[in-house]
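Undergrad: Note that the protein sequences, when read in sequence, are chains A and B. Mapped onto full-length UniProt numbering, the consecutive letters of the first sequence carry residue numbers 1 to 275. Mapped onto full-length UniProt numbering, the consecutive letters of the second sequence carry residue numbers 1 to 251.
Since the hints were made in silico from the structure, they are not lab data. Errors might be hidden in some of the hints.
Facing chain B, according to a computed beta carbon distance under 10 Å, are these residues of chain A, among others [as the list claims (entries may be wrong)]:
{"hint": "1", "residue": "Ala176"}
{"hint": "2", "residue": "Arg177"}
{"hint": "3", "residue": "Pro182"}
{"hint": "4", "residue": "Ala183"}
{"hint": "5", "residue": "Arg188"}
{"hint": "6", "residue": "Lys189"}
{"hint": "7", "residue": "Ile190"}
{"hint": "8", "residue": "Gln194"}
{"hint": "9", "residue": "Pro201"}
{"hint": "10", "residue": "Pro202"}
{"hint": "11", "residue": "Arg266"}
Calculated lysine-lysine pairs in the BS3-like style (CA-CA distance at most 27 Å, straight line) [stated by the list, open to error]:
{"hint": "12", "chain 1": "A", "residue 1": "Lys212", "chain 2": "A", "residue 2": "Lys270"}
{"hint": "13", "chain 1": "B", "residue 1": "Lys7", "chain 2": "A", "residue 2": "Lys189"}
{"hint": "14", "chain 1": "B", "residue 1": "Lys109", "chain 2": "A", "residue 2": "Lys170"}
{"hint": "15", "chain 1": "A", "residue 1": "Lys189", "chain 2": "B", "residue 2": "Lys111"}
{"hint": "16", "chain 1": "A", "residue 1": "Lys170", "chain 2": "A", "residue 2": "Lys270"}
{"hint": "17", "chain 1": "A", "residue 1": "Lys270", "chain 2": "A", "residue 2": "Lys189"}
{"hint": "18", "chain 1": "A", "residue 1": "Lys189", "chain 2": "A", "residue 2": "Lys212"}
Quick reminder that beta carbons are idealized off the backbone N, C-alpha and C, glycines included.
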Amino acid sequence: MSAPTNTDTVERKGLSPRQRAQRSRWIQYAVLVLLVLLAAFTADWGQIVSVFFEPEFIRSAFQDGLLNALVKTIEYTAGAFVIGLVGGTVLALMRLSSVGPYRWIATAYIEFFRGLPAIVVFIAFSLLPLAFEGLTIPWDPYGVVWLALGIVASAYMAEVIRAGIQAVPKGQVEAARSLGMPAGLATRKIVLPQAFRIVLPPLTNDLILLVKDSSLVFIIGVSADGYELTGFGRDLANTYSNLTPLVTAGFCYLIITLPLGVLVRRLEAKAARAR
Amino acid sequence: MALVEIKNLHKSFGSNHVLRGIDFTVEQGEVVCVIGPSGSGKSTLLRCVNLLEQPQEGQVFVRGEDITDPDCHLDAARQQIGMVFQQFNLFPHLSALANCTVAQTTVLKRKPAEADRIARANLERVGLTEKVTAFPAQLSGGQQQRVAIARALSMDPALMLFDEPTSALDPELVGEVLTVMRKLALDGMTMLVVTHEMAFAREVADRVVFMDGGVIVEQGPPAEVIGNPSHERTRTFLRRVLDPTHVEPAS
Chain A
1 MSAPTNTDTV ERKGLSPRQR AQRSRWIQYA VLVLLVLLAA FTADWGQIVS
51 VFFEPEFIRS AFQDGLLNAL VKTIEYTAGA FVIGLVGGTV LALMRLSSVG
101 PYRWIATAYI EFFRGLPAIV VFIAFSLLPL AFEGLTIPWD PYGVVWLALG
151 IVASAYMAEV IRAGIQAVPK GQVEAARSLG MPAGLATRKI VLPQAFRIVL
201 PPLTNDLILL VKDSSLVFII GVSADGYELT GFGRDLANTY SNLTPLVTAG
251 FCYLIITLPL GVLVRRLEAK AARAR
Chain B
1 MALVEIKNLH KSFGSNHVLR GIDFTVEQGE VVCVIGPSGS GKSTLLRCVN
51 LLEQPQEGQV FVRGEDITDP DCHLDAARQQ IGMVFQQFNL FPHLSALANC
101 TVAQTTVLKR KPAEADRIAR ANLERVGLTE KVTAFPAQLS GGQQQRVAIA
151 RALSMDPALM LFDEPTSALD PELVGEVLTV MRKLALDGMT MLVVTHEMAF
201 AREVADRVVF MDGGVIVEQG PPAEVIGNPS HERTRTFLRR VLDPTHVEPA
251 S
């Protein structure tokens with residue numbers, strides 16, 4: 001039996017695509033290892049630990065009310081989220097209204113507060129008591145914080161909710177109307193429940209952004225026991241001339257945001273399955 | 001007095017003149033099937049009967065009330081007109097039972113217990129006693145369409161509109177929906193049905209209306225319109241529907 005004669009097959013030179021991909025992957029690993037080694041040998045680890053992760057300062061951060069600051073962050077965020085949700089829903093419905101001026105007002109509001117850096121709104125709120133003498137916003141400091149955060153959040157959420165309302169198929173409204181439901185009832189009973197289901201993942205994303213935006217509260221100038229995580233960490237870091245309290249406060253944000261991130265992915269997976 | 005009376009109805013979508021002067025009545029207890037090629041305006045005509053489409057010209061009277069009058073209490077008028085859609089349009093966030101009760105409790109202001117009883121009776125009527133707690137996504141197309149029929153019936157309508165109720169169904173599920181509709185017709189329900197099911201139209205309809213190009217070409221008992229059509233357009237349409245693979249001798 002003779003060996004097969006490959007007169008038809010073309011002789012190709014060089015590496016196959018698989019070999020090339022393999023080589024590229026090895027190079028990437030080598031670069032990574034090199035960089036890690038470089039960092040490990042050049043950095044002053046003792047110094048880094050004592051500046052960023054000093055156990056003694058972590059302990060004193062807990063003693064000085066880190067948990068209180070964590071609770072404040074959650075309280076500020078939760079209240080602002082409720083205001084944002086209610087305000088956002090109203091704005092979304094206004095944007096879809098058949099009454100022209102409602103649409104214009106909602107559009108102007110959304111575009112204005114979405115385009116403005118949140119910090120500008122907070123600076124404005126910090127100056128309000130100076131501009132209007134005798135002006136007091138109730139439930140100090142919650143009232144002013146919730147209002148400032150909520151005003152910004154409602155602009156973001158309005159657009160998300162509007163998209164959700166418009167994502168509800170037209171046939172749903174037709175079915176509701178054909179049963180004799182007036183437009184408002186159909187919106188409340190049929191459209192909004194479905195819209196909120198659709199916007200739950202993006203709305204949770206907005207909540208994560210809101211948790212981080214609550215760090216801007218220190219600009220308004222609340223008293224020390226009203227400090228949320230950033231204000232608390234910054235204050236303590238200044239006192240000790242050490243970054244450890246700020247880093248500790250930073251990790252506390254992750255305690256809130258990481259579970260929310262997991263929740264978003266779960267909700268998205270669930271929505272994808274339902275489709 | 002006719003239950004539905006339509007006078008000189010015109011409807012355009014932009015430059016597309018879909019309905020070009022429809023005059024048409026449905027009597028109490030009558031089952032009328034509307035047939036015709038796609039784009040002939042059948043669905044639009046049906047959607048004008050409960051004003052889901054606003055006609056540009058003409059009038060629609062339901063029980064003598066002109067529903068095209070801008071001051072008509074349209075929501076009240078719609079309560080008497082049940083509608084079944086091609087795509088079912090069940091409320092996906094509500095169970096089969098809640099789909100049937102939501103309008104009863106909110107629109108008709110029935111007590112929850114009464115609405116519940118009526119909804120269950122209608123779900124039984126369409127053969128879905130076992131599925132009351134199921135959500136639409138858990139039901140087959142045929143089951144969903146039957147829930148949609150029960151939902152419309154729960155409002156005690158005087159008239160039922162069916163907009164191609166079996167067109168979105170797998171062939172083996174068509175029968176269960178047609179059976180329910182046939183039973184409704186036997187019970188004396190007034191029905192206006194847009195359909196491609198010629199066998200159903202022939203057997204169940206009191207009258208068949210053939211539409212083409214936005215006008216009613218001919219209408220009459222099924223034996224005449226389907227069995228022995230007098231217009232060439234009707235014959236051509238029926239030939240295509242009943243014998244789709246037929247090759248014209250001329251071609």
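Undergrad: Indicate, hint by hint, whether the structure satisfies it.
TA: To see whether the hints hold, each was checked on the structure:
With a cut of 10 Å, the hint placing alanine 176 of chain A at the interface with chain B holds, because the nearest CB-to-CB distance is about 8 Å. Given hint, arginine 177 of chain A at the interface with chain B, holds; its Cβ is 7 Å from that chain's nearest Cβ, closer than 10 Å. For proline 182 of chain A, the shortest C-beta to C-beta distance to chain B is roughly 5 Å, which falls under 10 Å, so the interface hint holds. Because the beta carbon of alanine 183 of chain A sits about 9 Å from the nearest beta carbon in chain B, less than 10 Å, this interface hint is met.
Look at arginine 188 of chain A: its Cβ gets to within about 9 Å of chain B, closer than 10 Å, so that hint holds up. For lysine 189 of chain A, the suggested interface contact is upheld, since its CB lies about 6 Å from the closest CB of chain B, less than 10 Å. Here the hint on isoleucine 190 of chain A is kept, as its CB sits about 6 Å from the closest CB of chain B, short of 10 Å. At its closest, the beta carbon of glutamine 194 of chain A sits 5 Å from a beta carbon of chain B; the interface hint therefore holds under the 10 Å criterion.
Taken as an interface hint, proline 201 of chain A does not check out: its beta carbon lies about 16 Å from the nearest beta carbon of chain B, beyond 10 Å. With its C-beta approaching chain B no nearer than about 18 Å, proline 202 of chain A sits outside the 10 Å limit, and its interface hint is violated. Interface restraint check for arginine 266 of chain A: the shortest CB-CB distance to chain B comes to about 18 Å, outside 10 Å, so the restraint is violated. Taking the CA atoms of lysine 212 of chain A and lysine 270 of chain A, the gap is about 26 Å. The hint holds against a cut of 27 Å.
Restraint check: the Cα-Cα separation between lysine 7 of chain B and lysine 189 of chain A comes to about 35 Å, which exceeds 27 Å; the hinted pair is violated. At roughly 25 Å between alpha-carbon atoms, lysine 109 of chain B and lysine 170 of chain A fall within 27 Å of each other, so this suggested pair holds. For the hint linking lysine 189 of chain A to lysine 111 of chain B, the alpha-carbon distance of about 17 Å falls within 27 Å, and the restraint holds. At most 27 Å may separate the alpha-carbon atoms for a hinted pair to count; lysine 170 of chain A and lysine 270 of chain A meet this at roughly 23 Å.
At roughly 22 Å between alpha-carbon atoms, lysine 270 of chain A and lysine 189 of chain A fall within 27 Å of each other, so this suggested pair holds. Distance restraint check for lysine 189 of chain A and lysine 212 of chain A: the Cα-Cα separation of roughly 33 Å exceeds the 27 Å cut-off, and the hinted pair is therefore not satisfied.
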